[in-house]
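For this one, chain P is given, so just place chain E on it according to the hints.
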Amino acid sequence: MREKLILSLAALGTLLLVWDFNTIFLHLPDEALQGAIYRIIFIHVPAAIGAYVFYSVAVITSAMFLVKKDFKYDSLAVACVEVGATFTLVNLVTGSIWGRIIWGIWWTWDARLTTQLICFLLYLGYLLLRPAVTEPTQRATMSAILAIFAFADIPIVVMAIRLKNVRTQHPQPVLETGGLDPSFWPPLLISFAAVLLIGTALVLVRLHQETSRREIDYLRRELHAL
Amino acid sequence: MDIRNFTYLVYGYSAAMLVIFGYVTLLVLRSRRIDRELTRLKSLVEDKS
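Heads up: the protein sequence lines correspond to chains P and E, in order. Per our numbering, residue 1 is the first one in the first sequence, and the count goes up by one each step. Per our numbering, residue 1 is the first one in the second sequence, and the count goes up by one each step.
Certain hints may be false.
Reference listing, derived: stretches of chain E covered by chain P, where coverage requires no fewer than 3 residues with Cβ under 8 Å from a Cβ of chain P [to be verified]:
(1) 4–10
(2) 13–26
(3) 35–42
List time: in silico EDC-like cross-link candidates among lysine to aspartate or glutamate, alpha-carbon distance up to 16 Å [what the hints assert, rightly or not]:
(4) P:K164 to P:D110
(5) P:K72 to P:D217
(6) E:K42 to P:E215
(7) E:K42 to P:E222
(8) P:K72 to P:E215
(9) E:K42 to P:D217
(10) P:K72 to P:E210
(11) P:K69 to P:E135
(12) E:K48 to P:E222
Hints listed in this document are in silico derivations from the structure and should not be mistaken for laboratory results. Don't be surprised by glycine CBs; every beta carbon is placed ideally from N, CA and C.
Next comes chain P alone, as it looks inside the complex:
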């Protein structure tokens, strides 16, 4: 049942993505100034929003672990953080390639870019620090606290291009200000749906791994006791 669900989500997500690529590359109108490179927005933005969705689930489940001390919340949190970090990396890499053409540089220490990099590094730290703590309850508690702390960066990333006194090279928000051509909305939303479906499939795979790891820990303790 679980495997069928994962396969269905991944297949549906991939199909949506392939269909969307057809629209993005062959049917969308051209942008006057940027040439073909503007089309990177259809993977760059959904990857960022997808990552924030998974980080949001991680912060909720981390808080629930601290309240209820149930390890299933910790497993879900680590699964969501890992998938969210993958999408954040996609966002950073595609943004850097876009910047190379439009700004002439791969990277600049701009407010949006820097806060997004800090976000990625915070969650990478979460993933790298987990194996360092061997006691399961202590590991889950410390991870939950770190996940809540790391999530505090996300409003800063979002606001980095919206605050008036912050100078930024990053394009101003176009999604909520009506700056996006109406024909760009359907492929953007489809791409976002595909990211969510594929991401959910990956979270379910990772969740199963975490459950198996706990079973391994239990069996090791049982073996030690025998």
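Showing chain E alone in chain P's frame:
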């Protein structure tokens, strides 16, 4: 399609796919390792008990 900067667009989408496929590969390899360890431990527990 306007082909200005098309090469970098291909780099962008290829890099995105590479990151995602890299992560999927990592998940598959990790799953295999976990399954092997689980089977080994289960048989050890059965032998000892």
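Do the hints match the structure? See the list:
Using a Cβ-Cβ cut-off of 8 Å, 5 residues of the stretch 4–10 of chain E lie near chain P, which meets the minimum of three, so the contact claim holds. Counting residues of the stretch 13–26 of chain E whose CB falls under 8 Å from any CB of chain P gives 7; the rule of at least 3 is met. Judged by the Cβ-Cβ criterion of 8 Å, the stretch 35–42 of chain E is covered by chain P as claimed, because 5 of its residues qualify and three suffice. Annotation: proposed proximity of K164 of chain P to D110 of chain P holds, straight-line Cα distance about 14 Å (limit 16 Å).
Distance check on the hinted pair: K72 of chain P and D217 of chain P sit about 15 Å apart at the alpha-carbon level, within 16 Å; holds. With a CA separation close to 10 Å, the supplied pair K42 of chain E and E215 of chain P stays within the 16 Å bound. Under the criterion of a C-alpha separation no larger than 16 Å, the hint pairing K42 of chain E with E222 of chain P is consistent with the structure, at around 10 Å. Between the alpha carbons of K72 of chain P and E215 of chain P the distance comes to roughly 12 Å, so the proposed pair stays at or under 16 Å and holds.
The suggested pairing of K42 of chain E with D217 of chain P holds, with an alpha-carbon distance near 12 Å, which does not exceed 16 Å. Taken as a hint, the K72 of chain P and E210 of chain P pair is honoured in the structure, with Cα atoms around 9 Å apart against an allowance of 16 Å. Our distance criterion of 16 Å between C-alpha atoms is met by K69 of chain P and E135 of chain P, whose separation comes to about 14 Å. Between K48 of chain E and E222 of chain P, the direct Cα distance comes to roughly 10 Å. Compliance with the 16 Å bound is thereby established for this hinted pair.
Taken one by one, the earlier hints all hold for this structure without exception.
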